[in-house]
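**Q** Just so we're aligned, residue 270 is where the sequence shown starts under my numbering, counting upward by one.
A hint or two may mislead.
With beta-carbon atoms standing in for the labels, derived distance ranges [stated by the list, open to error]:
hint: 1; residue 1: 391; residue 2: 303; range: 23 to 31 Å
hint: 2; residue 1: 319; residue 2: 288; range: 26 to 34 Å
hint: 3; residue 1: 282; residue 2: 374; range: 30 to 38 Å
hint: 4; residue 1: 311; residue 2: 367; range: 23 to 31 Å
hint: 5; residue 1: 318; residue 2: 292; range: 23 to 31 Å
hint: 6; residue 1: 393; residue 2: 345; range: 20 to 28 Å
hint: 7; residue 1: 330; residue 2: 279; range: 25 to 33 Å
hint: 8; residue 1: 351; residue 2: 281; range: 47 to 55 Å
hint: 9; residue 1: 353; residue 2: 303; range: 23 to 31 Å
hint: 10; residue 1: 389; residue 2: 282; range: 26 to 34 Å
hint: 11; residue 1: 356; residue 2: 306; range: 27 to 35 Å
Only pairs whose alpha carbons sit at most 20 Å apart, straight line, appear in this in silico DMTMM-like list of lysine to aspartate or glutamate [stated by the list, open to error]:
hint: 12; residue 1: 365; residue 2: 347
hint: 13; residue 1: 303; residue 2: 356
hint: 14; residue 1: 365; residue 2: 351
hint: 15; residue 1: 365; residue 2: 299
Worth flagging that the hints you see were computed from the coordinates, not collected in a lab. Bear in mind that the values here come from a model prediction, so they are computed numbers and not experimental data. We put the CB at the ideal spot given by N, CA and C, even for glycine.
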Amino acid sequence: MIPGSNNDHPSFRKSFLFAIQGFRTAVRTERNIKVMIGGGVAAIVAGFVVGLDPLSWAIVLVCCGVVISAELLNTAVETVVDLVSPEFHPLAGRAKDIAAAAVWVLSVLVAVVGIIVFANAIFF
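Model the full assembly from the supplied sequences, consistent with the hints where possible.
**A** This is how it looks when you write it as structure tokens:
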């Protein structure tokens, strides 16, 4: 719903379809989301190979989902910044860099968690 409009909110079904449309657009247009999905698929395949227990599966799946979600949010921030500041501006660049840094920090943390989970499954 657009603030100030008299239109009702879209139905749950339409909202869900808008979300799918956004995901498809991100996958089609953004390289990094493809990398994140590839990493998630690799983690899932590795989970089957090493035979993860249910708790480890939960950890791996949550980590994959959180990283992909963070990348989607980063893409949304960058898109909005580009909309409001199509020309170069130092603050626009700073906002985009900080959003990207958030994904990077999360990805490093998830990599450490992945090492712990897979090392536990392989060695213990």
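**Q** Does each hint fit the structure? Answer for all of them.
**A** Now the hints, each set against the structure:
1. Restraint check, residue 391 to residue 303: a C-beta distance of roughly 28 Å satisfies the suggested window 23 to 31 Å.
2. Here the CB-CB span from residue 319 to residue 288 is close to 32 Å, well matched to the stated 26 to 34 Å.
3. Range check, residue 282 to residue 374: about 36 Å between beta-carbon atoms, so the 30 to 38 Å window is met.
4. Roughly 28 Å separates the CB atoms of residue 311 and residue 367, a value that falls within the hinted 23 to 31 Å.
5. Against the hinted window of 23 to 31 Å, the Cβ-Cβ separation of residue 318 and residue 292 comes to about 27 Å, which satisfies the hint.
6. The given range of 20 to 28 Å is broken by residue 393 and residue 345, whose C-beta atoms sit roughly 40 Å from each other.
7. Between residue 330 and residue 279 the C-beta distance comes to about 29 Å, which sits within the given range of 25 to 33 Å.
8. Restraint check, residue 351 to residue 281: a C-beta distance of roughly 30 Å breaks the suggested window 47 to 55 Å.
9. At about 26 Å, the beta-carbon gap between residue 353 and residue 303 stays in the expected band of 23 to 31 Å.
10. Distance hint check: the CB atoms of residue 389 and residue 282 are about 41 Å apart, inconsistent with the given range 26 to 34 Å.
11. The hinted window of 27 to 35 Å between residue 356 and residue 306 holds, with their beta carbons roughly 32 Å apart.
12. Using a Cα cut-off of 20 Å, the hinted pair residue 365 and residue 347 holds, with the two alpha carbons roughly 6 Å apart.
13. About 27 Å separates the Cα atoms of residue 303 and residue 356, which puts this hinted pair outside 20 Å; it is violated.
14. Restraint check for residue 365 and residue 351: the C-alpha separation of about 9 Å stays at or below 20 Å, so the hint holds.
15. Distance check on the hinted pair: residue 365 and residue 299 sit about 15 Å apart at the alpha-carbon level, within 20 Å; holds.
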